[in-house]
Amino acid sequence: MSRRNFAAVIFLAIVGVFLVFAALMTHPFGQFNDENNPEMDQYIIDNTQNETGADNGVTAVVFDYRGFDTLGEATVLFTAVAGVILVFRRLKK
Amino acid sequence: MRGMSRIVKTVTNVAFPFIMIYGLYVIAHGHLTPGGGFQGGAIVASGLAMLLVAYGSIWVVGKIKEKHLPVLESVGAIGFIGLAFIGVLLILFYTSYPASFFKNFLIGQDVIPIFNEIGKGLANINTAGVIPLMNFAVGLKVIAGLFAIVLVMAYSTRLKEEK
Amino acid sequence: MIYNIPYIAVVALILIGLYAVIFKRNLIKIVIGITLIESGVNLFLITLAFRKDSVAPIYRGSGSPLMSLPVPHALTLTSIVIGVAVLALMLSLVVHIYRHYGTLDSRKIGGEEE
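Quick mapping for you: the protein sequence lines, in order, are chains A, B and C. My numbering numbers the first residue of the first sequence as 1 and each following residue consecutively. My numbering numbers the first residue of the second sequence as 1 and each following residue consecutively. My numbering numbers the first residue of the third sequence as 1 and each following residue consecutively.
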């Protein structure tokens, strides 16, 4: 095979070895101990109904506790729609 | 693209209002049940895409002018940012108010009597402050944006003998 | 090690997507490979949010049982919307390339002198 394919196989093998080691060494699925205890999420679960009055925990996090990320996402959606309309424009002669 | 046969058009006529009502229900009850602005907007946009598939893109572009859709999307985006900025502007009126960007200013007060209840497990629409208004703004933005993408891509790639 | 099967599924998705991006010639197949990598990353985010014997983070009445963490769910929502936006832009650019060159082979496009 050509030189480009040989270098690509070596690269894919290195990335694959790193990813498999990372998958085997994470914490077991569903168990939390002292290294990764969820302090911030426990505070959000305990105080959502007092502070926001919403019954949906995910919507309260998306729009109230982390509203700034939703602003960035709305900007990305707007930019994508503007880019797609720009590509298919017909200039009127 | 050309439309489809009469059976497909009749079934689309029957199913289209139910899909719109279901999508608007998911947007409006975003703070009580699973769902919200993005999910309900995707449901309504896929119902409009079903209309595009059944009737053909030439007929749909004749009915919905393609220059009204970016106006709707901009109204949704300006509404979202305006609601976020009012939390900062309140410091001009009440000078000892703990204001910040994205502050939930509608809960626990009696000046404006909508969306201001707090309680444990009340489950009526009148709760949760500024979150339902943000759901409507983001839902409108997602509906207009996704439908504009699908409509422009379908109209510009039609075949030669239909132009 | 048998308890890490969701993470093995994530690694399999990412490696298949990466193989499709590197070794395939058709432009549409490269776009499908990028979408596979995106799906693998979303699966990884919602795998991190699980606690043993927990329910979804929706409140019913008063009192709270053990709930899953709500913050990775919010990050996954943002990631899915950004994936849709990137896919729309990539497909419109592929249509534009096809109109200009007449072919979808990635080794026959580009390389023109100005």
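By construction, these hints were calculated from the structure, which means they are not laboratory data. No experiment lies behind these values; they were computed from the predicted model shown. A few of these clues could be false.
Residues on chain B that point at chain A, a partial pick, calculated with CB under 8 Å [claimed, not checked]: (1) R6; (2) A28; (3) L32; (4) T33; (5) I43; (6) F80; (7) V111; (8) G129; (9) M134.
C-beta atoms are modelled at their ideal positions from N, C-alpha and C, and glycine is treated no differently.
Results of checking the hints against the structure:
1. Because the smallest distance between the Cβ of R6 (chain B) and any Cβ of chain A comes to about 31 Å, over 8 Å, the interface hint for this residue is violated.
2. Given hint, A28 (chain B) at the interface with chain A, is violated; its Cβ is 12 Å from that chain's nearest Cβ, farther than 8 Å.
3. Among the interface hints, the one on L32 (chain B) holds; its C-beta lies about 5 Å from the nearest C-beta in chain A, closer than the 8 Å criterion.
4. For the restraint placing T33 (chain B) at the interface with chain A, the shortest Cβ-Cβ distance is roughly 7 Å, inside the 8 Å limit, so the hint holds.
5. Proximity of I43 (chain B) to chain A is violated relative to the hint, the smallest CB-CB distance being about 16 Å (cut-off 8 Å).
6. With a cut of 8 Å, the hint placing F80 (chain B) at the interface with chain A holds, because the nearest CB-to-CB distance is about 6 Å.
7. Interface hint at V111 (chain B): violated, since its Cβ lies 17 Å from the closest Cβ of chain A, which is beyond the 8 Å cut-off.
8. Using the Cβ-Cβ criterion of 8 Å, the hint placing G129 (chain B) at the interface with chain A is satisfied: the shortest such distance is roughly 6 Å.
9. Satisfaction of the interface hint for M134 (chain B) is found here, the shortest Cβ-Cβ separation to chain A being roughly 5 Å, below the 8 Å cut-off.
Checked against the numbered hints listed earlier, the structure breaks hints 1, 2, 5, 7; every other hint is satisfied.
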